[in-house]
Each structure stands twice: as C-alpha cells, then as structure tokens.
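Protein chains in written order, with full-length UniProt numbering: chain A, 1 to 677; chain B, 1 to 677.
Possibly wrong hints are sitting among the right ones.
Unchecked claim - Chain A residues, not near chain B, derived (Cβ > 12 Å throughout):
(1) Leu8
(2) Gly441
(3) Lys468
(4) Arg602
What the hints assert, rightly or not - Derived BS3-like pairs: lysine-lysine, alpha-carbon spacing no greater than 30 Å straight-line:
(5) Lys296/B <-> Lys567/A
(6) Lys354/A <-> Lys579/B
(7) Lys9/A <-> Lys446/A
(8) Lys567/A <-> Lys654/A
(9) Lys244/B <-> Lys567/A
Bear in mind the hints are in silico, worked out from the structure with no lab data behind them.
We put the CB at the ideal spot given by N, CA and C, even for glycine.
There are 2 protein chains.
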Amino acid sequence: MTTTATTLKGQPLDKAALESLLRRRLFYTPSFEIYGGVSGLYDYGPPGCALQANIIDLWRKHFILEEDMLEVDCTVLTPHEVLKTSGHVEKFADWMCKDPKNGEILRADHFVEDVLESRLKGDKEARGQKVEEKADVGDGQKTEEKAEDSKRKKKKAKGQEAIKLDDAVVQEYEEVLAKIDNYNGDQLGELIKKYDLRNPATGEQPSPPVAFNLMFQTAIGPSSNTPGYLRPETAQGQFLNFAKLLEFNTGQMPFASASIGKSYRNEISPRAGLLRVREFLMAEIEHFVDPEGHKKHHRFHEVEDIELEFLDRHVQLSGKTTTTKLTVGKAVKDGLVDNETLGYFLARIHLFLKKIGIDQSKIRFRQHMANEMAHYACDCWDAELLTSTGWVECVGCADRSAYDLSVHAKKTGAPLIVRQRLDEPKIIEEWAVEIEKKKFGPFYKKDGKTIEAAILATTQEERGKLAKDLEENGKTIVKVPSVGDGNVEVSKDLLAIKWQKRVENIREYTPNVIEPSFGIGRILYSLMEHNYWTRASEGGDEARGVLSFPPAVAPTKVLIVPLSSHKDFAPAVRKLSQKLRSAGISSRVDDSSASIGKRYSRNDELGTPFGITVDFQTVKDDTITLRERDSTRQVRAEEDKIIEAIRALVEGTKTWQDIESELPLFEGQQEVEVTVR
Amino acid sequence: MTTTATTLKGQPLDKAALESLLRRRLFYTPSFEIYGGVSGLYDYGPPGCALQANIIDLWRKHFILEEDMLEVDCTVLTPHEVLKTSGHVEKFADWMCKDPKNGEILRADHFVEDVLESRLKGDKEARGQKVEEKADVGDGQKTEEKAEDSKRKKKKAKGQEAIKLDDAVVQEYEEVLAKIDNYNGDQLGELIKKYDLRNPATGEQPSPPVAFNLMFQTAIGPSSNTPGYLRPETAQGQFLNFAKLLEFNTGQMPFASASIGKSYRNEISPRAGLLRVREFLMAEIEHFVDPEGHKKHHRFHEVEDIELEFLDRHVQLSGKTTTTKLTVGKAVKDGLVDNETLGYFLARIHLFLKKIGIDQSKIRFRQHMANEMAHYACDCWDAELLTSTGWVECVGCADRSAYDLSVHAKKTGAPLIVRQRLDEPKIIEEWAVEIEKKKFGPFYKKDGKTIEAAILATTQEERGKLAKDLEENGKTIVKVPSVGDGNVEVSKDLLAIKWQKRVENIREYTPNVIEPSFGIGRILYSLMEHNYWTRASEGGDEARGVLSFPPAVAPTKVLIVPLSSHKDFAPAVRKLSQKLRSAGISSRVDDSSASIGKRYSRNDELGTPFGITVDFQTVKDDTITLRERDSTRQVRAEEDKIIEAIRALVEGTKTWQDIESELPLFEGQQEVEVTVR
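Just chain A, same shape as in the assembly (with noise of 0.2 Å):
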C-alpha cells in the first residue's frame, strides 16, 4: 500500500527535513523529552496548538453548528462496569506476542506486515526493481527502546537480504497484506507458522499472539473500591445520555450528539510519531436515526453529485486495492454504501477535509473487512489520508446501529428509546398471559415472584406451547432455574394463556446510531504533510521550506515585520497589532534584528498565509505592504485597506488574485530580499 510521498508541488518529500522543520518550529514535540521521553505521546507547541484550535473551530461550525447537533462533555475517567456493558473490556484489544530470547513485546498484525514488506523489499532488490522506502518514525521514545528499536532495524536490515522470491510467493504475501486488518489472533499466529516469520532482532519466531487490552487502567476514589478505565472513545458518555438529549430536543428525530475530546490507547508498541498515539483528541458525532425507513436522510440531495474514491471489502478480499471513483448518491443507488445516511456523512467528511486543505487526491474510503469491524459495529468506512507511511486512517464512520443502546438499556433497566406516536394505531394478535394472582401468590409463597418473572418472560413461541399444554393437559412446566429442580409445574387455576387482540398507539424502538469520528491528530499530521513543500520546485532554496496552510486554519495569519528594531517603528507596530486583534485576526511581531528575507524565511516555515512590513513610508503615511505566502508577491495600500483585505482572504470570500487586482502591487526594495528565486 506504500506510495511515494510528494509534497504539494508534487516533488519528493523528503519526510527528515519536513520532521525537523516541525520540530524546530515547535509544530509538536515528544513529551517529557528531557526524562528520556514516553513513546507515543506528544505535545503541541504554539503552532500546533493553534493549528489544532482552528481545526476544531471549523469542525464545531461545519457539523455542529450547521446541522444543530447536540454538543456533550462527558468525563474521561470511566467506570469499570459501563465499559464491561458496551464490550470494551473484553474485546478492545490487538493482539500481542513476545519475543522468547529477549523479552521484546511486538504487535502481532505489524510485526507479520513488517516481516512481509521486508521480505517484499528484497525480493525487488533481487530483481533489482527500484525500492520504496516507508518511513519509520521513532520519536519520542525512551532512550532504551531507542536503542532497542535500532538495534531492531539494523538486525531488520540486515535480514532484509536480496532473495528472490517465486511469483506465486509474491503474489501470496501481497493479498495477505491487502487484508492484513482482517486476521484474529489465531491466524495471525498461524501465519508466523505457516512463513516462518522470525524477529529480525533474535531471529527467533515470536510466541503465539495473545490479546491486549487497550485500555488505561485506575481506581476512583480513595478505598479503590471503583475500577475504571479511561475511555477509549468518547461516544459511551454520549449514549449514556441518549435519553436526556432525546428530551432535550424535545423528542424529535433524527438528532445528533458530538463531543471533542481526550480519548487514551494503552498502544502496544507506537511507533509512528503523531500517527499513533496514546492519548488523543477526538471528535465524535453519534447520529440517532429510525432504523425503519431505510435510513434516508432528508438532506441528502444536497451532497449526492459529490464524487468519492471507494474501496469496498469484497475488493480487498480478493486481495486487491484498487479504487472506483462514484458519486455518492451512484453508491447509495447501487447498495455499495448502505444507506443514505452513511452516504451522506461520507460525502460531509468529504467536504471537511477539503475545507481545512487535504489535498484531494490523498483521500480514499475504505470498507472494513468483517474481521476488522470493532465489536460494536455493523458496517464501516473510513477516510483514509496518503502519507510518506501509507494510507493512514484519519475519519471511521461506523454504523453502530442499535449495539450500544440496547446493551446498557439491558443491563441498567434505563429506557433507552424513543416513543413514537403512531399516526395510525396498529393492531397485535398475540398470546397474553393472564395469572391469578390471589391464588398464585398463596400457592407458590416465597417462589411466587420468581415463578411470576419466568412466565412473564417467555416468548411468544414458548406461550403457545405453554397455551396448548394447558389445554390438553390441565397444566404444564415452567423452566425456573432458581427454584426447586428447575422445573415447575403450573395448573390452570392459577394461569392462563390466551390469544388476544391488542391495540397499539405507540411504537417504541431502540436507535440505530451512525458514528462519524475523527482523529484529530491524525488528520492535523496528514495537513502539514499535504500542504508542505519547498522553495526549490520553484528554482529557490531547496531548505526553504513552506507550509501553505489555507488562511482559515493558519496558525497565526499575520506577521508583522519592522523593517528594523528602530523605535520609530514602535508606535505603528502597537497600532497594527492592536486593530487586527480587534479584527479577530491573529498576529505575531518579529521585531529581531535577523534580515526580513530570514524572518519571511522563517514565517513561512511557520504557514502564516500574510506577512506586513513596516518601514519609513509607514511611519510618514501610513502605508504598509502585505505579502503572501506562497506567490510571495506584495500589494501596498493604507493600513486599513490592508487589514479589510485580510479579513476577507481569511474568511475566504476573496482570493489573493482579487485582492491584488484591488490594490497596487508593489515590487520596492525589499523584494530583492524577501523572494529567493
């Protein structure tokens, strides 16, 4: 599935010095990195706190604000028995094997795709067919696994040795690996066996894969007497409430929740920077429909033209991965997506990432495969991002239907439903149970209850039979575990079963729940790597680097430059920044004394879409240039024309090609310094 990486003017990305920019410009960084660091946590610095601020803005106005959604802040910390309830404890998990020489705990599912892609790679080698490398990041880890891990890659070169493999071989390992998400632990296991996989560290085959759990495991409160966890979703918080939020929207369906929030991985081995992470932040829409009616959803028409790349489960089955580019409402139509609800939020997910600035020929949307579907899950897709480690999947959108509702309904008695009033009342034929309570309690005494429940809680299927006994026989056994053998025998005096007619005015059913949810990291790391590139496709500096984030979720959109640290230029610098606050535009001074070239050098490594100098011209009349990014071209205008065409090209109702045909270009001294070309 690797693809070369490119940058967004199509060059080679060259993913070391891309990792270095964002590094050294604080985008993000491994956390507790002076104690040696923890793998697979991150933090943000300023610009990748702003960067993720802006995404999250967009998010809450492209879903919740546009379609009325119900936004929700449930806690983290969870306890033991809801997450029992909903399944996670026992299904949450990947499976885990262990190295027998040194201890060295693997994934199972990437150790067996690491050892076949290895095994791939020298097989092109050996046909000296030319050798795509997938990037292997190794950030913040501890100083030991770092050692370890290169040790682990260095063994792992060595055992790449260029051996030709048969074709049929070849063939063999790619359609394990197009449905690699799709082994359980005992295939996976079974594989190792089967190719003989070894750890290239030990050379020995790992044990077989046992599952993890994934979950953060704590104690709440100060006798420890309540387990927990913290949630590996924010979507339990969401349908605990179902029934508050119903009311809230005063009964009316289809609604929806969404919450933005920490989620935490116990991942086994994490290894890929920002890509897989034990903590992260989320955003989670639960949809609740009726699960009657086809899940049509009335705003439908609106997306249906949208064209989408599908990669369905049957093609991966067949051990492939091409695409088929569709229409949306031609998907829905044909039954490859299953309803129009699902449709349509594929088709919205879409749109967001389009908007933030995915580059549109990286997505993708993949079907799970029945193997790889969580355990609450009846069907899903995810948006899959292209990045130098592959396809990355950054957005699932899973339909649930009624899992999650009718679990916790069962186990807490809570009903969690929706009443319908029918428009027309229905009329049921069924068996009725009918128990002569003055005589049955009397009777049966301190089992009566019990006794009562079990008849209570027959089927419709064992009444009949029940009915019939009674008929033929005078009285029948009732199955009540708790009592006695087992076995209770019931005359006719004290119960009844008769077959009746019954009117209905209210219909009662339990959701279906379709899950949009999104990574935010992910799709904020597949953002930096989509939009970067450097200056040297356009003849410059290849060191130059930029980042063309679209203006509305640049980190910061102005900088603001001083032709020097004179203090003449003070005032106006002060002036500057204090109306584009009043804007509402961000904006940073660099008043250090490096040359403006080296500033907008460093501004760009940053994406801040605009940059203002201000020079001896400012100070007599007021006038200043604004410079954008990626043409560095520059306009000249008084400030507040200036400040008006900012917020226009943030907002994004004008392009810069407007704003230069509106105000007059300039090319003065300092472009000799500002473009390098």
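Once you've looked at the hints, dock chain B against the given chain A.
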C-alpha cells in the same frame, strides 16, 4: 464563612430550584447516572458545553491573544519520575481519617469543619438566633453512598442539638474555622482529640489523619513497566518545555506560556457538585520572569488603579475574615502584594471575571497561610467567589519562585535557564578547585570519579575550609558518603583550592514563575449562581427562573420562535437561521407546539439573551420582533437591521438601550403572552 446567598436581583437564593433548573435544561448532569453515578464526575449537556466553550474563548482572547502568550497542549498521562521530581508523589495529598466502626472515609479538614460548624449552629439555636443553612449538594453519588450520606446527615441533624456553648468556646471554634486551611495532619488529629470530635453517623472519634495522595495512578505500555499518573495540574508540561519555548520566543524574557486542558484529582469524598470534582478543566498561565529587579511588569500602570478586596494571611491567622479594599497600585506599594507581576495578574483576573459576568460584589482575593500553600509555592492569592456554599477558590495566583525549573534541571541535567548577555562584564572572586588529574585517578582508582564529583559539588564556604586545611595540614578530609566510611583523605599533591578572579560576560539565571491558574468548572458554576433570578422579583411567577448571562458568554445567542408550526413560517425561519449562522451568531429554533410564552420561558432558563418572533407580518414584509430576555421588551424592524443589532449587542459595541433608541418599540399582541408582569 457562610453567608446567605442571593440571586442577581438580591432575592434569597433557592438553591434547590436553581439546581433543578440546571439539571432540567441539561447544563450538567451526573456522569453515568443510569449506572448509579460516580461521586465527583459530571457531564455537561449542550448549554453547559456552549457556556464552557464561550468562557474558554474569552479567556483565550483576554490572556493568550492580548499578551502574546505561547499556548501549549501537553499530555495528561505523566510518568512517575516527573511527578516524583516535582514533589507531587510525596506531597500532593489531603488528610484522610477512618471511622473505626463503619469504615467510612472522611476528609479530615472537612470533618473538623463540619462538626465545629454544627456545634456553632446548635449554640445559635440555643441562643434563639437565626441559623443560616449551608447548602450541601449530594448529586451524582452512587446509590449506596447517597443512602450513607443521608444517614450521616440525619445523625448529624440529630447531633446538632441546641446546646449553648461558652462564649470563649464559640470564639475558639470561630478562630479555628478561620484558619482551618492552615492545619497539617497532626494538628487536625489534635483538634479531633482536643474537642472530642465524633462522626455523627456512629458517635465514634475517627482514626488519626493519614496522608492520601490525590493523583490517579495507571501504567503506560504493555509490560506495565512505566508507572504513571493523570496530571494533577497542566503546569508540569509547560515547565518541561521551558527551554524550547524560550527558544521559540527568540530568547526574549519575560514571557508566558499557557495551557487549557483537563486535570485530575482523586478527591477523598466529593460532595459539592461542580465545585469539587475529580476531573476538571483548567486554564493555566506560567509567566516566566527574572527574579532580579523586583519582578516589575511593563503594563502594571494599566491596572494600578483597579480596586480589589484583599484578605491577607495575617488577618486570617488572627482568626478574622475581614477584607480590605485597596487599589492594586497601593497594595503593591504597601507590600501587601509582593510585586508588580503578581499584582498585575490579580487585576487581570479580576477584569476577566467581570467580563464574563461574575458579580463584582462577590469576589475577594485571599492570601494563603504558610501551611496551606502547595509545596511549590512561596506566595499565593486565591480569587474566591461567593456562592451558596460559601467563598470558593476559583482562581489561584501563585508565585512558584524557581522551584519547578530548578528541581527538573537538577534531576535531568537539562539547562532550564536563561542566558543573558551582560552589558558590563562582571568580575567574580571565588574559591576554585584544581585537581591533579594525572595522579588523582590512579590514586583512587574506581572511586576517583565519585570523589572528584563530591569535591566539585562543595559550596564556597566548604571550599574555604578545605583550602585552610590543605594549607595548614597538607591534607584534608572530604565527605563522600558512598566511599568507605564516608571520609576520604585527600593530600595537597592531588588537590589545590585557590582564591581566583573570573570574568563573566553572560549571566545565567533560573526564572521565577508567577502562575494564574483557573478552575473553569468552578467559575462556570459560580457564574450560573450569580446570574440566576426569578421573575417573582418583578411581581411575576416565582417559578420562572432566568439566567442573565452576558450575551458574549450566553450558550446560545438567539432563539427563533415561529408564531406557530404553520408551514408558511418555515422558509422565513430557515433563511433567518442561515443569515445568523453566516454572521457567526449561534441560534436555535423552537417550533414546538408550546405557547410563545412557554417557549420564551424555556429560553429564559437557558439564558438566551435574545428572542426573535416570526409571525404573519414577517411573511408579508420581512420584519421581525426582537425580544430582550431581562426586560422582556421588544423592538420590531426588517430582518437585516435586527441581525445587525444582535451582532452589536453580542460584540458589546451597543447596549439594549441603544437599540431601543434606534429601532421602533413593539408592543403587539404577543407581548401579553410573552411577559408575565
């Protein structure tokens, strides 16, 4: 410290009515309620969530953007070693005692406070004085705990017999209560013995207090080899990134970092609703400042005339709680507040609280007493807000001196310092160590390095003594605990200590930290209490509650109310929603079948400042009425004019009075329905 709580209009606060409103309107709700709840954990529903987001948005503008602070987002998961170094593993604890009979766990200071307050109440009753009830919130507790709690209260009430105390005893109790936060565990134990304080539930004296660490523990990684905690504050992540942030700020001092995120404290027995929770949102600023030069602040002049209510530590230690009103300028000049930077932030905190709508008459700044301060602080002032449970710490403003940066630098060897080029080089005379390396190593063999390190670690004073010894005796004894008996003899041919001159061009120093730290949940709860009132104050309905949030923080700005659910209104409502959304104004539609009066009443409870009625006239001439929540007065004009008015009201550039003078008043038919007078 309890004071009768009042509403915004000075009515006595009916806390039960307010809380019922807040729950009914889903501002917040106990987490996992259908599972019985967990003490100290709450979820925010849509209005609470929006209120929180708006408070955070204003906070970010007021502090981060206004002062160019460097925002970071660090992980909650924190390895053991970091919090061991910071002192939290050892000292971040509350005092806990246990009832020997029923095993109930009590927080010691709260227990002492409860019993003494209950005795004082009994005394008042005996004297026939009016007794104020301190509210006690029991939300979100597990069912067993609730039962336990109500039993406790009943017993307590029973224990609260009207027994008159000696005047001297009353005074003693009051003095103890005034400085209750200043007692350590032993002292609390002594108070329990001295006054024979007994648990009302059992009549037993609880066990002596022991420390209970408040951090939630977990294990990071699959082999549980990295023990960790959920952070108890966001500060540590900021300190660990200090060197990177300083570099990002191009080395310039002073500067501040800031962080908004969840923190966790495993409270012993939380029973105060949103005021004491185990998971909470914090907004923290770490302002790094040179300790030399009296911690001046260059913007202090902007705030020096602001008057605050101060309650300093001396007043409290004398057993009183009388505040003093002073300008910040005078408080700093008089030495009440230690320095300008601390004073500056107290004033900025005050301005922020005012901006979001906190009642000015319900804020005071209380200084911590010596024993009360966190282990890292050398001075601390709390902004306390008056609520129905008394004065509540909502913002802390601590001077953490160089404590944190020093301990982390010492532990890791990372240079968490500022290097400042000196205008004039500094000449330093001091004792310098010279080791005769060639002989030293071979002489001490394997202990050489350890002994050398011990010598280099000596202080100037110790070196003076060693020098004298070497000169007089030709040898000296160096203390090296890990070598032999701890006393190592060193002769003068291995070591010389000389008085030397040295020129310094760079000054290295560890910055001090001033830390304003905001508990967002507590501020949010206080804000709800401070803005609550009922229409009874205008002779209206007692039950009609209103939350008069300022427009800028109100969860939703506009309620759109079509006169009826008639289909003709739908297009106008849709167009209006869309226009408001484009203008960045959040709105909700209520097209339920309830009467307009009922719908506006619901709206009052949600704190929505403006209401728009869409009626038959709207469909004809595009005019709509705008209702102001607090006065219930209305104006009518064309849609665009109304939207412009709302925008000005929300941004705070116009008041409702301005709007009334600009647009025609409306006293149409609905008015009768809408207002209750």
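Against the structure, the hints:
1. Every Cβ of chain B is farther than 12 Å from the Cβ of Leu8/A; the closest lies at roughly 25 Å, confirming the non-interface assignment.
2. Under the 12 Å C-beta cut-off, the non-interface status given to Gly441/A relative to chain B holds; the minimum distance is some 28 Å.
3. In this structure Lys468/A is separated from chain B by more than 12 Å, as the shortest Cβ-Cβ distance comes to about 40 Å.
4. Not every CB of chain B lies more than 12 Å from the CB of Arg602/A, the least distance being 9 Å, so the non-interface label is violated.
5. The suggested pairing of Lys296/B with Lys567/A holds, with an alpha-carbon distance near 22 Å, which does not exceed 30 Å.
6. For a cut-off of 30 Å, the pair hint linking Lys354/A to Lys579/B stands: about 23 Å separates their Cα positions.
7. Our distance criterion of 30 Å between C-alpha atoms is broken by Lys9/A and Lys446/A, whose separation comes to about 80 Å.
8. With a C-alpha separation of about 35 Å, the suggested pairing of Lys567/A with Lys654/A is violated against the 30 Å cut-off.
9. Of the supplied pair hints, the one linking Lys244/B and Lys567/A holds, its CA atoms being roughly 28 Å apart against a limit of 30 Å.
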